[in-house]
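Just so you know, the sequences run in chain order A and B.
Heads up, the first sequence is in our numbering, so the first residue is 1 and it goes up one at a time.
Heads up, the second sequence is in our numbering, so the first residue is 319 and it goes up one at a time.
The hints are simulated quantities; they were obtained by calculation from the structure and are not laboratory data.
Beta carbons are placed, not taken as given, at the ideal position from N, Cα and C, and that holds for glycine.
Don't take every hint at face value.
[What the hints assert, rightly or not] With a straight-line Cα cutoff of 30 Å, these simulated DSBU-like cross-link-like pairs (lysine-lysine) come out:
#1 Lys577(B) x Lys16(A)
#2 Lys285(A) x Lys560(B)
#3 Lys368(B) x Lys178(A)
#4 Lys553(B) x Lys178(A)
#5 Lys560(B) x Lys316(A)
#6 Lys316(A) x Lys577(B)
#7 Lys178(A) x Lys490(B)
#8 Lys16(A) x Lys399(B)
#9 Lys17(A) x Lys490(B)
#10 Lys278(A) x Lys490(B)
#11 Lys553(B) x Lys285(A)
#12 Lys336(B) x Lys278(A)
#13 Lys577(B) x Lys108(A)
#14 Lys336(B) x Lys190(A)
#15 Lys336(B) x Lys178(A)
#16 Lys178(A) x Lys278(A)
#17 Lys553(B) x Lys108(A)
#18 Lys143(A) x Lys368(B)
#19 Lys368(B) x Lys285(A)
#20 Lys16(A) x Lys500(B)
#21 Lys285(A) x Lys500(B)
#22 Lys577(B) x Lys17(A)
#23 Lys278(A) x Lys500(B)
#24 Lys568(B) x Lys285(A)
#25 Lys568(B) x Lys316(A)
#26 Lys368(B) x Lys336(B)
#27 Lys17(A) x Lys368(B)
#28 Lys553(B) x Lys143(A)
#29 Lys500(B) x Lys178(A)
#30 Lys108(A) x Lys490(B)
#31 Lys143(A) x Lys108(A)
#32 Lys553(B) x Lys278(A)
#33 Lys464(B) x Lys190(A)
#34 Lys422(B) x Lys278(A)
#35 Lys568(B) x Lys278(A)
[Unchecked claim] Here are the simulated distance ranges between beta carbons:
#36 Asp338(B) x Pro161(A): 20 to 30 Å
#37 Phe509(B) x Glu288(A): 47 to 57 Å
#38 Ala156(A) x Asp330(B): 29 to 39 Å
#39 Ala64(A) x Lys384(B): 25 to 35 Å
#40 Glu546(B) x Ser183(A): 44 to 54 Å
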Amino acid sequence: MAEVLVLVEHADGEPKKVTAELLTLARRFGEPSAVFLGGPGTYAKAKDFLARYGAQKVYVAESADIDGYVVAPKAEVLAGLFGSAAPAALLVAATAEGREVAARAAAKTGSGLVWDVVDVAPGLVVTQQVFGGSTIVRSHVTKGTPVITVRPNSAAPEEAPATPEEQQVDVAVSDAAKAAQVSDRVVEGKSGRPDLTEASIVVSGGRGLGAAENFRLVEELADLMGGAVGASRAATDAGWYPHQAQVGQTGKTVSPQLYVAVGISGAIQHRAGMQTSKTIVAINKDPEAPIFELADFGIVGDLFNVVPQLTEELRKRQ
Amino acid sequence: MNIVVTVKQVPDTWAEKKLDPSDMTTDRATVDNVLNEMDEYGVEEALLLKEAHGGEVTAVTMGPDKAVEAVRKALQMGADKGVHLCDASLHGSDALQTASALAKVIAPLNPDVVIVSSEASDARGGVVGALLAEYLGLPQLTLARKVTADPGGGTVTIERQTDNGYATVLGKLPVVVGVIEKINEPRYPSFKGIMAAKKKPLVTMTAADAGIDPGSAGPSGAYSEVDEAQPRPPKAAGQVVKDEGDGGAKLAAFLADQKLV
Ligand SMILES: Cc1cc2nc3c(=O)[nH]c(=O)nc-3n(C[C@H](O)[C@H](O)[C@H](O)COP(=O)(O)OP(=O)(O)OC[C@H]3O[C@@H](n4cnc5c(N)ncnc54)[C@H](O)[C@@H]3O)c2cc1C
Ligand SMILES: Nc1ncnc2c1ncn2[C@@H]1O[C@H](COP(=O)(O)O)[C@@H](O)[C@H]1O
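Looking at chain B on its own, in the form it has when it is part of the complex (with noise of 0.2 Å):
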């Protein structure tokens, strides 16, 4: 199976997120980057489909240049290729101008499955998937926490968490899956696959190379604008104390106070 999965660069999940006050885009300069943690688990079931299915996976991304380390981590992980779309004219793009792009790198792979995580870490969207579905016009196999291919049938099914349970869910071949984090436990990179990703064959492509067009791309395509950011307002400090025999007593005295009971 011909797989592609995509990968994210955003701020360490412990960095202080903020938006650069010159152009109101997430700060990616002044904070350590990492793989997003949802997408380790995209990447493992790329792995996972190879191991079962044979093919070869492809990891994707789109971002500025240090970007590529997401795309190095996932070749370290056990994927084969790496692709790097990266181009001044991106950057402030929004999250359909992100999925769009994508999507022109994405389809020229003929790709069988088109893995994608649930969620990044940095803006939250949760809607990259949904909208790759869209682009590419294949089955929306999104939020799945189990997938099960069947190459030979030519489909896939997945369970898709709901509200208050799941439902199954099945997609002809293509598919754009997107998993959740009950899905799997990401794999370490071991020593041999950090040596052997060094060899793996890594294309950066421009804007143009993928055929977007500049005038959509960036801030000036962007379907919405940033008026302003503001840190939160501190929080007063809360009241922490040691429990003495009365710790649930003062607790209920506390929400009677505050008239929460």
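Okay, chain A solo, but in the shape it has when bound (with noise of 0.2 Å):
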């Protein structure tokens, strides 16, 4: 069977579940190589993940020069694998740095790129929900090596304890590669919170909280129900919270079980962002708010009254 790579997603060597979830789909056509790509050091926390997950080899590549400049040296570490491995394919997660790695690998080798997948069958044939998900579209890479992106929270991860054999891959990033140098990298707002795009539950709040100290009403749900917080761009853009909260078109995309939605009228951009999650509920004291449309469970009230309310309700039942 052909090697499927897959390219771990993690946070200083702390793999997200997305990379959980791009193994398990791996399996299905094909052994999966987990590809790890980071600062010196940092393998070894993402090590023992990658073994429970399924990992038939793991690609190891650390070096300062990854994280050192933008993109290009992973793009370019990707690409000279493809020529090694002779992979059937590429997974990445669909994040905003992922896509422009998985882009600019593809560009290096020829190769077909398809993005924003949400689910992939055998024979690479895969699943896209575009336009916001009113269409469903299947298609396939007719070139190269298929580099699919694929959207967190598509796939349930499963566990398939292996002993990946490891081989370390030399660094050797050219001088082009280099032409984008990361001098600083800045931290904000760290929550402790489970990440937005990997959430099960997340519950957002918009221009409806008024103020940025109402965001505890928010927080204070998401944390009692174990969710990530998000942001419409109304309450971004107002500072009331960082915009790497921000769920929609120019935010992130998530695709969670719940999707809690305060205060937020659901403008096409929003709805862009958070449209393809499982169930969605709604607080909004305007009963002809759009996101009333998409709602499966909606409440037209005070969000001041409905919220406290809310997770009153759900300690009591706790």
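With the hints as a guide, bring both chains together as one complex.
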């Protein structure tokens, strides 16, 4: 069986849940080979996780150059592996950076790219939900090694313990790939909550909250359910919540089991980032708000009454 | 500074978007089309750079006849020149082909800065910026929420939005800059701008003019193929209830019922 490369999505070595989802998908049509690209000494944190989710092989490329320059070094290492491993496909998490890495790896190798995929069938036919989820498309790559970016939460991760063979990869980044140099990385708004794109529950707040301090209501509710906190663009533009929390066309795309929209009207750009959530719940005082067209359950009411009562009720039920 | 900004015409944000069943490409014929909203941020950033450092802004698009409207909007906002790559053979190109064709048009313009936006609202690939950096062999300064140019020192520095914060990234000119929507507040074309735009130079190019091999363009040269497209099965209508003082409790009951809590 051919290898299927899975680019490990991680934070300083700590693998993200989507990596397990990609490994699970990869098993459907080949032997999953994880590709770990990170700074020196970061792989140790990923090792056990990759074994647990069935990586048969791990390509380990640790170098300060990986994070020291934007995207190009990662694409270069991946393109090199296309030559040596002749994989059946490359799977990458459909994150803002993931899609750029995937695109450049595809361009370098003359390979086809399909993005924001929600399912991969044998034969490498992929499913995409385009136009805000209104159209379901099936397509396949016709050239080179299919490069596929997969939306987080698209597959349920299954454990399949393995003892992967580790292969160190020499990172010899070309000068051309060192053109965009990272001088500094700043972490903003670390919350201790689950990752927005990976969380199975997301509670988002919008302009209806009226002020930054009222996000406390959203946070309390999210924390009670073990969820992540999102925000509409109106809320991030107002500076009430960091942009990293923005859900929508120009924010993150989320597809959780449960999405709770609090004081969000449901503009089309917002819907583009949450429309495929399994269950959608909305609280809005305007019965005409478009978010109710999407909602499985909606409450027309003042969020300042509804949310505290909801939180209280959930607390009682715990 | 010689600044190039890419602009794309897309179906209106509020239009019901669909694929043309005859060839599985985005249906651009039966809907109203507009300048991709995100590209307004790209044009604005180009104009801000020009205002700060001097130079010229050229708006470049690739698309069918009427896609030239996107360039015209950029000219109305204040861009100086326009280039429209328009050729029937390009219809149905995918992201890789589009970026490669745009690179062929852009390279001879010898830009110092190429500006794209992070995403077009139709196909939402978000890859053209990275691909232009790849094909043009230029530093990739994408996902920028802040851009600082130092033409004297020959560099551009950006704040690149990351998953949990930002990274400061530096590139030597010429560079590709990709902007996100937090970067600025796009201006509206003024009446004067709209009038002036009519006299601004606007060049139309064919694929041959740009040196694009016809065999590499369009569906025949595409890297991927759509097998089928279907509307998503309609979702069962939800329940919307008015809060009578027990809205929170009802919601909690619903969530418990659905085993979501
Ligand atoms: C290029 C571009 C990209 C964009 N990208 C995004 C994106 O990624 N994500 C995004 O979210 N938006 C995006 N937008 C913006 C989008 O168009 C909307 O402006 C935005 O989503 C509105 O946010 P909102 O729903 O919080 O605010 P509003 O539309 O103002 O809605 C606030 C809602 O709160 C309700 N409300 C007020 N007070 C209360 C109360 N006390 N109790 C209950 N309900 C209350 C109101 O009835 C209203 O429906 C983008 C726009 C453009 C042009
Ligand atoms: N056909 C096109 N003509 C000009 N610019 C384009 C075209 N397609 C994409 N772009 C540019 O690339 C950006 C990102 O688009 P995309 O990667 O397609 O989401 C857009 O905002 C445009 O600036």
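The hints, checked one at a time:
1. Lys577(B) x Lys16(A): holds (25 Å)
2. Lys285(A) x Lys560(B): Holds, at roughly 9 Å.
3. Lys368(B) x Lys178(A): holds (27 Å)
4. Lys553(B) x Lys178(A): The given pair, whose Cα atoms are some 48 Å apart, is violated under the 30 Å limit.
5. Lys560(B) x Lys316(A): Satisfied, since the Cα-Cα distance of roughly 23 Å is no more than 30 Å.
6. Lys316(A) x Lys577(B): Distance of about 16 Å is within 30 Å: holds.
7. Lys178(A) x Lys490(B): At roughly 11 Å apart (the allowed maximum being 30 Å), lysine 490(B) and lysine 178(A) satisfy the hint.
8. Lys16(A) x Lys399(B): Given that 30 Å is the threshold and the Cα spacing comes to 46 Å, the pair is violated.
9. Lys17(A) x Lys490(B): violated (36 Å)
10. Lys278(A) x Lys490(B): violated (45 Å)
11. Lys553(B) x Lys285(A): Holds, at about 23 Å.
12. Lys336(B) x Lys278(A): holds (23 Å)
13. Lys577(B) x Lys108(A): violated (47 Å)
14. Lys336(B) x Lys190(A): Roughly 39 Å between the alpha carbons, so the hint for lysine 336(B) and lysine 190(A) is violated.
15. Lys336(B) x Lys178(A): violated (40 Å)
16. Lys178(A) x Lys278(A): Violated, at roughly 42 Å.
17. Lys553(B) x Lys108(A): Measuring from Cα to Cα gives roughly 41 Å; hence the hint is violated.
18. Lys143(A) x Lys368(B): With a Cα-Cα distance of about 41 Å, the restraint between lysine 143(A) and lysine 368(B) is violated, given a limit of 30 Å.
19. Lys368(B) x Lys285(A): Outside the cut-off at roughly 45 Å; violated.
20. Lys16(A) x Lys500(B): Answer holds: lysine 16(A) to lysine 500(B) is near 26 Å, not above 30 Å.
21. Lys285(A) x Lys500(B): Given that 30 Å is the threshold and the Cα spacing comes to 28 Å, the pair holds.
22. Lys577(B) x Lys17(A): holds (22 Å)
23. Lys278(A) x Lys500(B): Answer holds: lysine 278(A) to lysine 500(B) is near 29 Å, not above 30 Å.
24. Lys568(B) x Lys285(A): holds (16 Å)
25. Lys568(B) x Lys316(A): holds (14 Å)
26. Lys368(B) x Lys336(B): Outside the cut-off at roughly 38 Å; violated.
27. Lys17(A) x Lys368(B): violated (44 Å)
28. Lys553(B) x Lys143(A): Judged against 30 Å, a Cα distance of about 36 Å means the pair is violated.
29. Lys500(B) x Lys178(A): holds (26 Å)
30. Lys108(A) x Lys490(B): holds (22 Å)
31. Lys143(A) x Lys108(A): holds (13 Å)
32. Lys553(B) x Lys278(A): holds (10 Å)
33. Lys464(B) x Lys190(A): holds (21 Å)
34. Lys422(B) x Lys278(A): Violated: lysine 422(B) and lysine 278(A) sit about 43 Å apart, past 30 Å.
35. Lys568(B) x Lys278(A): holds (19 Å)
36. Asp338(B) x Pro161(A): 20 to 30 Å: violated (48 Å)
37. Phe509(B) x Glu288(A): 47 to 57 Å: violated (34 Å)
38. Ala156(A) x Asp330(B): 29 to 39 Å: 37 Å Cβ-Cβ, so the 29 to 39 Å window holds.
39. Ala64(A) x Lys384(B): 25 to 35 Å: violated (49 Å)
40. Glu546(B) x Ser183(A): 44 to 54 Å: Holds: the Cβ-Cβ distance is about 47 Å, inside 44 to 54 Å.
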